[in-house]
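J.: Chains as they are written, first to last, in the working numbering: chain A, 1 to 176; chain B, 177 to 589.
Because the hints were derived from the structure by calculation, they are not lab data.
Among the clues, some could well be false.
In silico DSBU-like cross-links for lysine-lysine, where the CA-CA straight-line distance does not exceed 30 Å [unchecked claim]:
1. 39(A) x 296(B)
2. 39(A) x 542(B)
3. 67(A) x 317(B)
4. 67(A) x 296(B)
5. 546(B) x 67(A)
6. 542(B) x 67(A)
Chain B is faced by these chain A residues, among others (derived, beta-carbon under 10 Å) [said to hold, decoys possible]:
7. 40
8. 53
9. 56
10. 57
11. 58
12. 111
13. 122
Here a beta-carbon is modelled for each residue, glycine too, at the ideal position from N, C-alpha and C.
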Amino acid sequence: MLAALFSSIVFSQETCLACHGPDGNSVTAGIPSIAGQPKLFLETQLVLIREELRPAPQMLPLVKGMKDAEITRLAEHFSRLPAKSVATGPADPGLMKQGAARARALRCGVCHTADFGGQNQIPRLAGQREEYLVSEMLAYRDGQRKGGDTIMAAALYGVSDADIRALAHMLSRSPP
Amino acid sequence: MTKSAIGFAVAAAFAVFPFAVQSQGQPAWKQGMPEKMKDSKLAPHAGKMTETPASEIPVSKLKAPRGFKVELWASGLPGGRAMALSEDGKKVYVGTRGIGRVYEVTDAGDKRTVRTVVDKLTQPAGVAYKDGALYVFAIDKVLKYDGIAGNPSAQPQDLTEKFDLPKEQHHNWKYVAFGPDGKLYVPFGAPCNVCEPSKEYAQIRRYNADGSGKEVIATGVRNSVGFDWHPGTKQMWFTDHGRDWMGDNAPQDELNRLAKPGANFGFPYCHANGIADQDFKKPKEQACKGVTLPVRLMGPHAAAMGVKFYTGKMFPKEYQNTMFIARKGSWNRSKPSGFDVVNVRAGADGKEAKMTPFLTGFNESKDSYKFWGRPAYVAQMPDGALLVSDEQVGAIYRISYQAPTGQAKAKKK
Numbered sequence: 001m002l003a004a005l006f007s008s009i010v011f012s013q014e015t016c017l018a019c020h021g022p023d024g025n026s027v028t029a030g031i032p033s034i035a036g037q038p039k040l041f042l043e044t045q046l047v048l049i050r051e052e053l054r055p056a057p058q059m060l061p062l063v064k065g066m067k068d069a070e071i072t073r074l075a076e077h078f079s080r081l082p083a084k085s086v087a088t089g090p091a092d093p094g095l096m097k098q099g100a101a102r103a104r105a106l107r108c109g110v111c112h113t114a115d116f117g118g119q120n121q122i123p124r125l126a127g128q129r130e131e132y133l134v135s136e137m138l139a140y141r142d143g144q145r146k147g148g149d150t151i152m153a154a155a156l157y158g159v160s161d162a163d164i165r166a167l168a169h170m171l172s173r174s175p176p
Numbered sequence: 177m178t179k180s181a182i183g184f185a186v187a188a189a190f191a192v193f194p195f196a197v198q199s200q201g202q203p204a205w206k207q208g209m210p211e212k213m214k215d216s217k218l219a220p221h222a223g224k225m226t227e228t229p230a231s232e233i234p235v236s237k238l239k240a241p242r243g244f245k246v247e248l249w250a251s252g253l254p255g256g257r258a259m260a261l262s263e264d265g266k267k268v269y270v271g272t273r274g275i276g277r278v279y280e281v282t283d284a285g286d287k288r289t290v291r292t293v294v295d296k297l298t299q300p301a302g303v304a305y306k307d308g309a310l311y312v313f314a315i316d317k318v319l320k321y322d323g324i325a326g327n328p329s330a331q332p333q334d335l336t337e338k339f340d341l342p343k344e345q346h347h348n349w350k351y352v353a354f355g356p357d358g359k360l361y362v363p364f365g366a367p368c369n370v371c372e373p374s375k376e377y378a379q380i381r382r383y384n385a386d387g388s389g390k391e392v393i394a395t396g397v398r399n400s401v402g403f404d405w406h407p408g409t410k411q412m413w414f415t416d417h418g419r420d421w422m423g424d425n426a427p428q429d430e431l432n433r434l435a436k437p438g439a440n441f442g443f444p445y446c447h448a449n450g451i452a453d454q455d456f457k458k459p460k461e462q463a464c465k466g467v468t469l470p471v472r473l474m475g476p477h478a479a480a481m482g483v484k485f486y487t488g489k490m491f492p493k494e495y496q497n498t499m500f501i502a503r504k505g506s507w508n509r510s511k512p513s514g515f516d517v518v519n520v521r522a523g524a525d526g527k528e529a530k531m532t533p534f535l536t537g538f539n540e541s542k543d544s545y546k547f548w549g550r551p552a553y554v555a556q557m558p559d560g561a562l563l564v565s566d567e568q569v570g571a572i573y574r575i576s577y578q579a580p581t582g583q584a585k586a587k588k589k
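Assemble the whole structure, with the sequences as input and the hints as a guide.
T.: Put into structure tokens, the structure is as follows:
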């Protein structure tokens, strides 16, 4: 029984790595890094996807019917993997400055913590993939990211595309 | 990011919404949060979206007055909060927020079973039961299940169009209940921490059960998610959450009495027992003019939620017609406030309201956030026992009373 459980976990972990990167740090555009994310954040997102509250067509078949205990174990596992920055290309000083200024003004660090490492149900942004951050922030702002918290949409309300790009640039190049 | 059933539940307070934002040329998020608090680390607590096994719920840590017994009555309901009982009390319907489900708990005497009636809804926090029908209120949907207590496969009737629900989601998850007048009472919170919302928000309405006859019965209500009616006067009493980012100790949550439909409770200009808002100002003498002040303050940021007037025969007489109020507990405060169920007794006119702790032990430190549970709602069973839901661990406790033996003997003599 334990062995069966163990093998199913291993299977699930490997399944995850196929898209989320060999060590949970994604090397694929549009796919987020999950290594070193807060356990509760991972757990919550997996439940939201399983419950079909957060639409994720590629993820759904993998988590559908998954038991809470297995979700918790997966979340625990990936939360313990070391997070690495996957940013390619040099930081643009102008964008870094603009991004940092916007993050201060928008109070991102209150929830995501000062180093953007995340906490509890709130994700790590530091070192996350740049284009993924852009697409998710745009989706939040425009009410397109379903299953999310009303707070996050409100936090980005009225923020310009250019500012979102600068935020994503700065965050993706912040040390995770 | 999250919508953790509960944490996100809590999220409640801090977003600030669209309104007034553009005119100020700054993001809504800044609204209501002063510059001096920009480095605050206070953030809503995380909820839990997964099942907590009964063995991991430390019910023995809960303390109630002498003679009261607290037991774990049901578990395995992640995010479970408001409860609606069938006529015989054998079915308890339980709403949730982030996890999108409504549960049905069946009481088989010595044990309980739990099933999910409906899922994939946007925060179906509101549940009410009347004349054999279950009413479910999500933020953007109203469903009615006729005969569900006897027929698990009852299909819902979609009443959404009838209820004219506004589009903003923040603070628009519901507590709903039928009043003694047979009408369905539904709150519409302010979609912000603090703002001057448009006219569909910051109010409580009542409707006929089919959604007709809409009437706004209270205004200036920031975010009420709990109410009940006084057994004698039939007046509605409701809790209301105070705004955030005005400091640790103000403004406190409120317990209000609606003496007459149409009363204004002050938001966003006047909070608690007459505190003028720091962001939405009126001339000093104007902020609280015409505002009905609370019967009692319920603690700063305490998240006073479910209200239940006790009318059962099981508890000692002194509890008759007093209120049990669940305080889910603070986040926008450096030290915890709430995390308990209190007993409030007051005159029928709301005067001399006194509050005493009733069920404590959810938070294990006076000075820091070491909570394992968060009490959200209180319901009364046909035998007079109380049910208390815990949104954090997805469980329901039953509180019963038996006179301590010495006392019982004395009584017999």
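J.: None of the hints should be skipped; say for each whether it holds.
T.: Results of checking the hints against the structure:
The suggested pairing of residue 39(A) with residue 296(B) holds, with an alpha-carbon distance near 23 Å, which does not exceed 30 Å. Distance check on the hinted pair: residue 39(A) and residue 542(B) sit about 27 Å apart at the alpha-carbon level, within 30 Å; holds. For the suggested pair residue 67(A) and residue 317(B), the alpha carbons sit about 28 Å apart, so the restraint of at most 30 Å is met. Restraint check for residue 67(A) and residue 296(B): the C-alpha separation of about 17 Å stays at or below 30 Å, so the hint holds.
Of the supplied pair hints, the one linking residue 546(B) and residue 67(A) holds, its CA atoms being roughly 27 Å apart against a limit of 30 Å. A threshold of 30 Å between alpha carbons decides the hint, and for residue 542(B) with residue 67(A) the separation of about 36 Å lies outside it, so the pair is violated. Because the closest C-beta pair between residue 40(A) and chain B is about 5 Å apart, less than 10 Å, the hint holds. This hint holds: residue 53(A) has a C-beta 5 Å from the nearest C-beta of chain B, less than the 10 Å allowed.
Hint status for residue 56(A) relative to chain B: violated, with the closest Cβ pair at about 14 Å, above 10 Å. Restraint check, residue 57(A) versus chain B: the minimum CB separation of about 15 Å is more than 10 Å; hint violated. Annotation: interface hint on residue 58(A) violated; nearest CB of chain B at approximately 19 Å, more than 10 Å. Restraint check, residue 111(A) versus chain B: the minimum CB separation of about 5 Å is within 10 Å; hint holds.
Because the smallest distance between the Cβ of residue 122(A) and any Cβ of chain B comes to about 6 Å, under 10 Å, the interface hint for this residue holds.
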